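Enquirer: Quick note, the sequences are listed as chains A and B, same order. Taking this note's numbering, the leading residue of the first sequence gets 4, the next gets one more, and so forth. Taking this note's numbering, the leading residue of the second sequence gets 1289, the next gets one more, and so forth.
It should be emphasised that the hints constitute simulated quantities derived from the structure, not laboratory data. Where hints are given, some of them may not hold.
[To be verified] Here are the simulated SDA-like pairs of lysine to any residue, each with C-alpha atoms no more than 20 angstroms apart in a straight line:
1) A:118 x B:1317
2) A:7 x B:1295
3) B:1330 x A:137
4) A:57 x B:1371
5) A:72 x B:1298
6) B:1317 x A:4
7) A:118 x B:1295
8) B:1330 x A:44
9) B:1330 x A:21
10) A:118 x B:1387
11) B:1387 x A:117
12) A:57 x A:137
13) A:72 x B:1344
14) B:1317 x A:23
15) B:1330 x A:20
16) A:118 x B:1330
17) B:1477 x A:10
18) A:7 x B:1297
19) B:1387 x A:126
20) B:1387 x A:129
21) A:7 x B:1344
Being a predicted model, the structure only gives us computed values, none of them experimental.
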Amino acid sequence: MEIKITLNGTEMTAEVEPRTLLVHLIREKLSSTGTHIGCDTSSCGACTLLIDGKSAKSCTLLAVQVNGKAITTVEGLLTVDGLHPIQEAFKLNHALHCGFCTPGMMMRVVELLEKNPDPSEEEIRWGISGNLCRCTGYNNIVKAIKYASAKMRGAELPSTEPEFV
Amino acid sequence: MIPSSFEYSAPSTLDEALKMLNALGDEAKILAGGHSLIPMMKLRFAEPGHLIDINNIPGLSYVKEEGGYLTIGAMTREVELEESDIAAAKFPIFLDAAKLIADPQVRNWGTIGGNLAHGDAANDHPAVMIALDAEVEITGQDGARWVSINEFFMGFYMTAVQEGEILTAIRVPLPTGKNGNSYHKNERKVGDYATAGVAVNITLDDNGTCTSAGIGLTNVNPTPLKAVRSEQALIGTKIDDEAINIAAQYASEDCSPSEDLRGSEDYKRRVVKALTKRMITKALERAN
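Just chain A, with the same shape it has in the complex (with noise of 0.2 angstroms):
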């Protein structure tokens, strides 16, 4: 069946099948291939996305649910002026080695700063709980998140300097 979505902003209709998962669509057809596919369980979050702004597991959800709906992916994160501030927070707090799950991760924290601008530290763990890293030890992402927090309200921007433990 044919449906209609705005992926970054850019108003399309694609045909699916009604068992496409979203996440195909947007890898396979849509050619968006910032949205990964990790464990295809909803357990890792890697494909997380937004939908009309709420953060979702794409690989748990039908294309054809989202019919009319408006998609963010990690490629609507880019805007002229350069990098999202989350972006920027995430490069220069090391926030990532392999990167595999960087995009779900950045996506879901979209929508956590959104609802919870200054969030602390057990927010913020509590908040990413359904986007699993194997890299980091998670402590450079949590920093991240406080800096891309502080950058998105113009507060006092914290130390981006490795810390030794």
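Model the placement of chain B on the given structure of chain A, informed by the hints.
Expert: Chain B in isolation, oriented as in the chain A frame:
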């Protein structure tokens, strides 16, 4: 993993959905949040011939107080209950549970109605609703009926929702007097099903005597379990240490856990006992 082929419809009214459901019979399955159903379809444990998506039907998502009840629309997302002021003020148990249900992304889609209608003893709302003595509204072409949560879970993945019917709402009596409720589950990691979970809801009179108690257990029985003997052990007492110990002991004896990767039967009974003690204590603190 991709589900096997199926037809898809997204009706915009409940009447239309019920008509379709009746016309298609057991070939059709209702799609709510889909976060239990779609994983099962991907694994081909479920292969419905037709999905009826009820996400486009307005009026099924709300949390409101009316007529002495907190009524929750079936399509209310987990996150909406988690963020509801009414629920937070009177039912901290919903916040206890919400934080432990899957993860934030899943809670953005998963629905309260779906969590119950799936009929899985491993889900968290069944035990919570048992503790709260909820009723479930089931709608068919001939109208709606309310069913006690105690008559809702009929077997493994089987509920009182019959062919051609849709679960449309859940209501729980608003607490009166000194009331406290709480839920916790042990899980190996975020997003896992419970090793065991315990939900408790108690009401006390002015002298601190327990006038009613509800205790529900998660994932330690083929169906969500109402711990009747444990409830009875609290009613009429001041909920002192002795009463709490007896109630916890009964819960550990009356459940029927099976050994799996999360632990042995004996271990799970011990978890039930420990959690029952802790949740009664927490509910008591909240009541006072």
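Enquirer: Each of the hints needs a verdict: does it hold here or not?
Expert: Verification of the hints:
The straight-line distance between the Cα atoms of residue 118 of chain A and residue 1317 of chain B is roughly 34 angstroms, outside the 20 angstroms bound, and the hint therefore fails. Pair hint residue 7 of chain A plus residue 1295 of chain B holds up; C-alpha atoms about 18 angstroms apart against a cutoff of 20 angstroms. With a C-alpha separation of about 25 angstroms, the suggested pairing of residue 1330 of chain B with residue 137 of chain A is violated against the 20 angstroms cut-off. About 14 angstroms separates the Cα atoms of residue 57 of chain A and residue 1371 of chain B, which keeps this hinted pair within 20 angstroms; it holds.
For the proposed pair residue 72 of chain A and residue 1298 of chain B, the alpha carbon gap of about 14 angstroms is at most 20 angstroms, so the pair holds. Using a Cα cut-off of 20 angstroms, the hinted pair residue 1317 of chain B and residue 4 of chain A holds, with the two alpha carbons roughly 19 angstroms apart. Between the alpha carbons of residue 118 of chain A and residue 1295 of chain B the distance comes to roughly 36 angstroms, so the proposed pair goes past 20 angstroms and is violated. The suggested pairing of residue 1330 of chain B with residue 44 of chain A holds, with an alpha-carbon distance near 9 angstroms, which does not exceed 20 angstroms.
Distance restraint check for residue 1330 of chain B and residue 21 of chain A: the Cα-Cα separation of roughly 13 angstroms lies within the 20 angstroms cut-off, and the hinted pair is therefore satisfied. Pair hint residue 118 of chain A plus residue 1387 of chain B holds up; C-alpha atoms about 16 angstroms apart against a cutoff of 20 angstroms. The suggested pairing of residue 1387 of chain B with residue 117 of chain A holds, with an alpha-carbon distance near 19 angstroms, which does not exceed 20 angstroms. A C-alpha spacing of about 24 angstroms is found between residue 57 of chain A and residue 137 of chain A, which places the hinted pair above 20 angstroms, so the restraint is violated.
Of the pairs offered as hints, the one joining residue 72 of chain A and residue 1344 of chain B holds, with about 12 angstroms between alpha carbons and a cut-off of 20 angstroms not exceeded. With a CA separation close to 17 angstroms, the supplied pair residue 1317 of chain B and residue 23 of chain A stays within the 20 angstroms bound. Of the pairs offered as hints, the one joining residue 1330 of chain B and residue 20 of chain A holds, with about 14 angstroms between alpha carbons and a cut-off of 20 angstroms not exceeded. Annotation: proposed proximity of residue 118 of chain A to residue 1330 of chain B is violated, straight-line Cα distance about 32 angstroms (limit 20 angstroms).
For the hint pairing residue 1477 of chain B with residue 10 of chain A, the CA-to-CA distance comes to about 33 angstroms; that exceeds 20 angstroms, so the pair is violated. With a C-alpha separation of about 15 angstroms, the suggested pairing of residue 7 of chain A with residue 1297 of chain B holds against the 20 angstroms cut-off. For a cut-off of 20 angstroms, the pair hint linking residue 1387 of chain B to residue 126 of chain A stands: about 11 angstroms separates their Cα positions. Restraint check: the Cα-Cα separation between residue 1387 of chain B and residue 129 of chain A comes to about 8 angstroms, which is no more than 20 angstroms; the hinted pair holds.
Straight-line distance between C-alpha atoms of residue 7 of chain A and residue 1344 of chain B comes to about 15 angstroms, which keeps the hinted pair within the 20 angstroms bound.
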